[in-house]
Amino acid sequence: MGLEKKLGNMGVVTTTLEQAVAWSRTYAMWPMLFGLACCAIEMMAGQASDYDMSRFGMELMRPSPRQSDLMIVAGRVSRKMATVLRRLYDQMPEPKWVIAMGDCASCGGVFNNYAVMQGVDEVVPVDVYVAGCPPRPEALVHGILTLQEKVVKNIKFAEEKK
Amino acid sequence: MDKNLQPIVEKLEKAFATTASEHRGDASLVIPREKIVAACEQVKTDGFELMSALTAVDYWPQEDPRFHVIYQFTSVSKNLWLQLRVPVPGVNPTIPTVSGVYQNANWRERELWDMFGIKAEGHPDLRRILMPADWEGHPLRKDYPLGYEEPQFTFNFEEIDLRKPYAKE
Numbered sequence: 704m705g706l707e708k709k710l711g712n713m714g715v716v717t718t719t720l721e722q723a724v725a726w727s728r729t730y731a732m733w734p735m736l737f738g739l740a741c742c743a744i745e746m747m748a749g750q751a752s753d754y755d756m757s758r759f760g761m762e763l764m765r766p767s768p769r770q771s772d773l774m775i776v777a778g779r780v781s782r783k784m785a786t787v788l789r790r791l792y793d794q795m796p797e798p799k800w801v802i803a804m805g806d807c808a809s810c811g812g813v814f815n816n817y818a819v820m821q822g823v824d825e826v827v828p829v830d831v832y833v834a835g836c837p838p839r840p841e842a843l844v845h846g847i848l849t850l851q852e853k854v855v856k857n858i859k860f861a862e863e864k865k
Numbered sequence: 002m003d004k005n006l007q008p009i010v011e012k013l014e015k016a017f018a019t020t021a022s023e024h025r026g027d028a029s030l031v032i033p034r035e036k037i038v039a040a041c042e043q044v045k046t047d048g049f050e051l052m053s054a055l056t057a058v059d060y061w062p063q064e065d066p067r068f069h070v071i072y073q074f075t076s077v078s079k080n081l082w083l084q085l086r087v088p089v090p091g092v093n094p095t096i097p098t099v100s101g102v103y104q105n106a107n108w109r110e111r112e113l114w115d116m117f118g119i120k121a122e123g124h125p126d127l128r129r130i131l132m133p134a135d136w137e138g139h140p141l142r143k144d145y146p147l148g149y150e151e152p153q154f155t156f157n158f159e160e161i162d163l164r165k166p167y168a169k170e
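Order-wise, the sequence lines are chains F and U.
The working numbering numbers the first residue of the first sequence as 704 and each following residue consecutively.
The working numbering numbers the first residue of the second sequence as 2 and each following residue consecutively.
Isolated chain F (complex conformation) (with noise of 0.2 Å):
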């Protein structure tokens, strides 16, 4: 992703490089705990051993934004929480992807009003929504497995800043 600003255009080298970086982020990438709601005991049942996420790299929830390269927002987001999940997405080291799990955070769910975010997209930019509410956790594996799709072959969300 950003391999070629740091290296130059050498060809062979800088693709296959690519290749390889690509695929390690994809398969080693750690969540970070964001379970506000309903979602979370989805997230967490998806996490233990029925459904467990661990097969595709996601070995451990790590509390601290940190040290975790993906944020899946599980729940409904309210007004006066969205400043505190933008301020923890900033605190997220790059390269970062978010998931938006069930459907108070891809569209603000049967919560229509004054008080819930309608959608957690309204302020950090989301790579994968996966709905239901809750989502089984099948359905949260198979938005995993979509954004590891996407993250191994570099599909980028915005266009980089040249």
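A hint or two may mislead.
Mimicking EDC-like on lysine to aspartate or glutamate, the simulated pairs with C-alpha atoms at most 16 Å apart in a straight line are [what the hints assert, rightly or not]:
| hint | chain 1 | residue 1 | chain 2 | residue 2 |
| --- | --- | --- | --- | --- |
| 1 | F | K853 | F | D830 |
| 2 | U | K143 | U | D115 |
| 3 | U | K165 | F | E825 |
| 4 | U | K79 | U | E50 |
| 5 | U | K120 | U | E35 |
| 6 | F | K799 | F | D830 |
| 7 | U | K169 | F | D824 |
| 8 | F | K783 | U | E137 |
| 9 | F | K856 | F | E721 |
| 10 | U | K143 | U | E64 |
| 11 | U | K143 | F | E825 |
| 12 | U | K12 | U | E42 |
| 13 | U | K15 | U | D47 |
| 14 | F | K783 | F | E721 |
| 15 | U | K165 | F | D824 |
| 16 | U | K79 | U | E137 |
| 17 | U | K4 | U | E35 |
| 18 | U | K143 | U | D65 |
| 19 | U | K36 | U | D65 |
| 20 | U | K169 | F | E762 |
| 21 | F | K799 | F | D824 |
| 22 | F | K783 | U | D135 |
| 23 | F | K856 | F | D830 |
| 24 | U | K169 | F | E721 |
| 25 | U | K165 | U | D144 |
| 26 | U | K12 | U | D47 |
| 27 | F | K783 | U | D115 |
Some but not every residue of chain F turned toward chain U, in silico, with C-beta under 8 Å [to be verified]:
| hint | residue |
| --- | --- |
| 28 | R769 |
| 29 | R782 |
| 30 | G811 |
| 31 | N815 |
Bear in mind the hints are in silico, worked out from the structure with no lab data behind them.
Here a beta-carbon is modelled for each residue, glycine too, at the ideal position from N, C-alpha and C.
Starting from the known structure of chain F, fit chain U onto it as the hints suggest.
Positioned in the frame of chain F, the structure of chain U alone reads:
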């Protein structure tokens, strides 16, 4: 009415010149605003250790005064329940604080301020508790807009999509 509750209610009726209304064994009295602290002190000495609820109802535009602040008390030792109502007018609504008598009124009166705009005079720390600190308006009033977003169907998808705030980075 429970026979233990009857003398307590009669004492309150005499002291504050009001009549109790009864509903399925539970008593409710209307107390004027200036006397609510005295009423709470009397209720507390009568054995109601717990103030189980402090909320308000907005009766706009049907009734005036607009707000009714509702105090509900539970006696754990005698297994009784009592309700007091205080009518508060809509212009500059204030009530004297009861957090000196019942300490759990502290956060409940902050919620009253946040949701209805009813100030508690003498409250040590009156600020918003549920909404963000710089929020304008009092959401549970009847004239506050619902604040909902128009749902996006396929026929109006693009026009709503252009108006939605997306975070780019």
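So, going through the hints one by one against the coordinates:
1. The straight-line distance between the Cα atoms of K853/F and D830/F is roughly 9 Å, inside the 16 Å bound, and the hint therefore holds.
2. Proposed proximity of K143/U and D115/U is supported: the alpha carbons are some 14 Å apart, at most 16 Å.
3. At most 16 Å may separate the alpha-carbon atoms for a hinted pair to count; K165/U and E825/F meet this at roughly 8 Å.
4. Restraint check for K79/U and E50/U: the C-alpha separation of about 10 Å stays at or below 16 Å, so the hint holds.
5. Restraint check: the Cα-Cα separation between K120/U and E35/U comes to about 14 Å, which is no more than 16 Å; the hinted pair holds.
6. With a C-alpha separation of about 10 Å, the suggested pairing of K799/F with D830/F holds against the 16 Å cut-off.
7. At most 16 Å may separate the alpha-carbon atoms for a hinted pair to count; K169/U and D824/F meet this at roughly 9 Å.
8. Distance check on the hinted pair: K783/F and E137/U sit about 13 Å apart at the alpha-carbon level, within 16 Å; holds.
9. With a C-alpha separation of about 10 Å, the suggested pair K856/F and E721/F falls inside the 16 Å cut-off, and the hint holds.
10. Between the alpha carbons of K143/U and E64/U the distance comes to roughly 12 Å, so the proposed pair stays at or under 16 Å and holds.
11. This hinted pair does not check out: K143/U and E825/F have alpha carbons roughly 28 Å apart, beyond 16 Å.
12. Our distance criterion of 16 Å between C-alpha atoms is met by K12/U and E42/U, whose separation comes to about 13 Å.
13. As the CA atoms of K15/U and D47/U are separated by approximately 15 Å, the hinted pair is consistent with the 16 Å bound.
14. Taking the CA atoms of K783/F and E721/F, the gap is near 40 Å; set against the 16 Å cutoff, the hint is violated.
15. A distance of roughly 10 Å separates the Cα atoms of K165/U and D824/F; the hinted pair therefore holds under the 16 Å criterion.
16. Our distance criterion of 16 Å between C-alpha atoms is broken by K79/U and E137/U, whose separation comes to about 43 Å.
17. A threshold of 16 Å between alpha carbons decides the hint, and for K4/U with E35/U the separation of about 29 Å lies outside it, so the pair is violated.
18. Of the supplied pair hints, the one linking K143/U and D65/U holds, its CA atoms being roughly 13 Å apart against a limit of 16 Å.
19. As the CA atoms of K36/U and D65/U are separated by approximately 20 Å, the hinted pair breaks the 16 Å bound.
20. For the given pair, K169/U sits about 29 Å from E762/F by alpha-carbon distance, which is inconsistent with the 16 Å threshold.
21. Using a Cα cut-off of 16 Å, the hinted pair K799/F and D824/F holds, with the two alpha carbons roughly 15 Å apart.
22. Annotation: proposed proximity of K783/F to D135/U holds, straight-line Cα distance about 10 Å (limit 16 Å).
23. Distance check on the hinted pair: K856/F and D830/F sit about 14 Å apart at the alpha-carbon level, within 16 Å; holds.
24. Among the hinted pairs, K169/U with E721/F is inconsistent with the structure: their alpha-carbon atoms are about 24 Å apart, more than 16 Å.
25. Using a Cα cut-off of 16 Å, the hinted pair K165/U and D144/U is violated, with the two alpha carbons roughly 25 Å apart.
26. Between K12/U and D47/U the alpha-carbon distance is near 10 Å, which keeps this suggested pair within the 16 Å criterion.
27. Taken as a hint, the K783/F and D115/U pair is honoured in the structure, with Cα atoms around 13 Å apart against an allowance of 16 Å.
28. Interface restraint check for R769/F: the shortest CB-CB distance to chain U comes to about 19 Å, outside 8 Å, so the restraint is violated.
29. The closest approach between the C-beta of R782/F and any C-beta of chain U is roughly 6 Å, which is under the 8 Å cut-off, so the hint is satisfied.
30. Because the beta carbon of G811/F sits about 7 Å from the nearest beta carbon in chain U, less than 8 Å, this interface hint is met.
31. Evaluation of the N815/F hint against chain U yields a held restraint, the C-beta minimum of about 4 Å falling below 8 Å.
Violated hints, listed in ascending order, are 11, 14, 16, 17, 19, 20, 24, 25 and 28; each of the other numbered hints is respected by the structure.
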